[in-house]
Amino acid sequence: MNEYNFAYLDEQTKRMIRRAILKGLAVPGYQVPFASREMPMPYGWGTGGVQVSAATLTPKDTLKVIDQGADDTTNAVSIRKFFENTAGVETTEETEKATVIQTRHRIPEAKLREDQIIVYQVPIPEPLRFLEPRETETRKMHSLEEYGLMHVKLYEDISQHGAISTAYAYPVYVSDRYVMDPSPIPKFDNPKLEMDAIQLFGAGREQRIYAIPPHTKVVSLDFEDYPFEATKAEHCCDLCGAEDSYLDEVIMDDAGNRMFVCSDTDYCRSRREAGHMGRLAGENAA
Amino acid sequence: MTEQPQYSGGFQNAPIQAARAFRAAMTVMARPGEIRELNGSRPPDPLSIAAGTLLLTLCDPETKVHLAGAVNTDAAREWLTFHTGAPLAQAADADFAVGRWAELGSLGTYRIGTAEYPDRSATLIVECDELQQAGAELSGPGIKGTAQLFLPDVPALQANAALYPLGCDFFFTSGDRVAALPRSTRISMET
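Residue numbers (the working numbering), protein chains in the order written: chain F, 1 to 286; chain Z, 287 to 477.
Here chain Z stands alone, though its shape is the one from the complex (with noise of 0.2 angstroms):
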């Protein structure tokens, strides 16, 4: 038999799986800095655990997902196709992104919503090296005083940020491992 890679690695119940993967999400986003462990998925390479996970939980026929750089492979298209059923979108039309920061490209390529539908943006989902609390400093809704997170860009985050109620929410992935910063985050850099 031929290798059919892109048959493998969903969730084995998907019911289960994808409510504790969702409660893990919901946590982190709701916690911003908060790292939690994501798993219950195999994507191909170079798809972290974390990063597939999020897409067999959040996207479907009704989400758009733009791959970007290193990730848009032929086996993480055929992945995410016959999983989710997800179309493939630019930047621009995408309600989820996934790829690493450099790659991702510009921010403001991405939907940041309308004054009246904020709701109506763009989430990435940041492949990242490692994650670690600690670098920029967090405030605001979900955090106790202040929290760190390693960020790749504080800039471009502080202005996706200073958009606020508009703008795009992250996750950022390694392993089987999550974190988040949603638009409503502060940040500052440590001194």
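So here's chain F without its partners, still in its complex pose (with noise of 0.2 angstroms):
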């Protein structure tokens, strides 16, 4: 009797969760509270998307992690192994073949498909937290559909900056009802909010889940004359190229050498595979 339940968590907690993915799901982009566990790994690194995962997954399941869209990187090896060790399933790096997806901060560039269910970690699931900390006038203010103070926020980003600078985080009108933090993805990630995957969000130290279910209405919020833009750098990928990819910036030297590699390593990965070229392929990169 040395071997965890399956998926780490006990039956109870499980159902718990279950109960409120299911609730969540049923009132797209309302936060459902819930009875958040400790896990074995520190708050802020995914306890809630983790939580959401372990109610979510089936012995069948192939599973796929990433941190900041990579599959190699500390948290994403992490919660994998996590999940191989206590559940026994299946772990990819390719989006292809994966079923259930968490995902810290990114959404893949490759299109989710209709059996495909991915899982956000999120630290700060109310959207309206830095406009007013007190959860008791948040809650008033979804209940009662009262968001101009986002507006607000919007609009002074434009009267100081010239344009909306919230780059990530953005906040979207889920289903003409609920204001949705959609998580730290950059903006340019949210048109792929509207989506033939079903889309959960755990957050573990905030205690709250939510859901997106397929083909919602998601509306990233903006103003007639100035309408949203999903913004990336003005580059192609140095590696394979792309073009369409949402791109990080890798600093080379104390020379200021840059270069820009996508930042869903999968992504990269299977075009260069398929023979695309970027500007620095074949060079030795470190």
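Treat the hints as calculated values from the structure; they're not laboratory data. Keep in mind that a hint or two might mislead.
Said to hold, decoys possible - No more than 25 angstroms apart at the CA atoms, straight line, and that leaves these computed lysine-lysine pairs for DSS-like:
{"no.": "1", "chain 1": "F", "residue 1": "K192", "chain 2": "Z", "residue 2": "K430"}
{"no.": "2", "chain 1": "Z", "residue 1": "K430", "chain 2": "F", "residue 2": "K111"}
{"no.": "3", "chain 1": "F", "residue 1": "K97", "chain 2": "Z", "residue 2": "K350"}
Fit chain to chain and form the complex, with the hints in mind.
So, in structure tokens, the structure goes:
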């Protein structure tokens, strides 16, 4: 008796999380409180996402975990190993082969399918939190659909910077009812929030779960004269030459040389394998 | 040995079977109008396999369950209590209610959540003779374009949807099949 229960959590905890997920799907964008458990990793490392994944996984699933688009960073590797050990599920780095994808701060470049589920790790689920610190007040604002403050914030962006400067965690309006924080994904990913896959969001420290069913209307907040723009660095990937992917900027040396690479490592790898070449392809990038 | 049916018919391997069952339940709730297989339990008659499996997957001592009408038998009560520990409750207090549409009674009896906590609403498990992807036309979150599902009482369910974001959520069960209707779905009669 020294094995873990399937997917680590005990059954009663999973039932509690599953009930929260179902209510979250029934009211898209609404933050359902849940009794988040201590997980064997610190808050801020994806405890919410891990709990949602644990309640969602079945033995047949293939799990992919990404951290800022990458499959090979500490957070992603640790969580993948965690579920290999506790749930015995297959894992993959290929978006195509995954049935459940847990993500921190990115949506994969490849279009997700009907049979896939994406689980987001969320640090601060409340989009209004930095505008109104009191939970009692933000709950009331959501109940009254009182989102003027958020528009004031975006307006102040424009008055100070000439454009909406919010670049990540860009607030969205879900199914014409709730303003929702899409987790700190770059706003480049916002248009992908209307997708074929089921989207689940877990915030462990803040004890909230929310969801977007497939094909749900998700609108990024904006103004008629300052429409929403999904921005990215004005470059191509230096490794695979992709023009349409979200890029990370990497400083190469003290002389200010830099390169841009796809943040989605699987997308970049599959393009390079298909023969696409970027500016620095073939060079020793070290 | 005397027969003790309340002790049998549960999950043989709860973590795995509950995980599979939840995946089916989540899929139908996320995609109103879709029908999935849902099995793993053998509840006493007249509970269907799908309804019994939903109860085992979602209910425990923290959830109040209302057994309505014909499913409110000694056997069903004992089975539910033994396998889930869920307290039985009247319709007005229930987190989950099970029964045929006519026996579940007026939807106005059930909890619909509060403006600040719309999740605190009842989930109704409606036992049906059969599930058909025909009848009422559904649209809204989870549905690409429109979907069709036979619904027991369109006006009552339209009134429930009009309460959005409050309202009850529904599972429809028949044999080992399940479909769902969250409150977010807009319903119109097919012309």
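Take the C-alpha atoms of F/K97 and Z/K350, compute the straight-line distance between them, and say whether it is at most 25 angstroms. violated (40 angstroms)
Proposed proximity, F/K111 with Z/K430 (alpha carbon, max 25 angstroms): holds (16 angstroms)
Given the proposed pairing of F/K192 with Z/K430, does the C-alpha separation stay at or below 25 angstroms? holds (15 angstroms)
Of the numbered hints given earlier, the model fails hint 3 alone.
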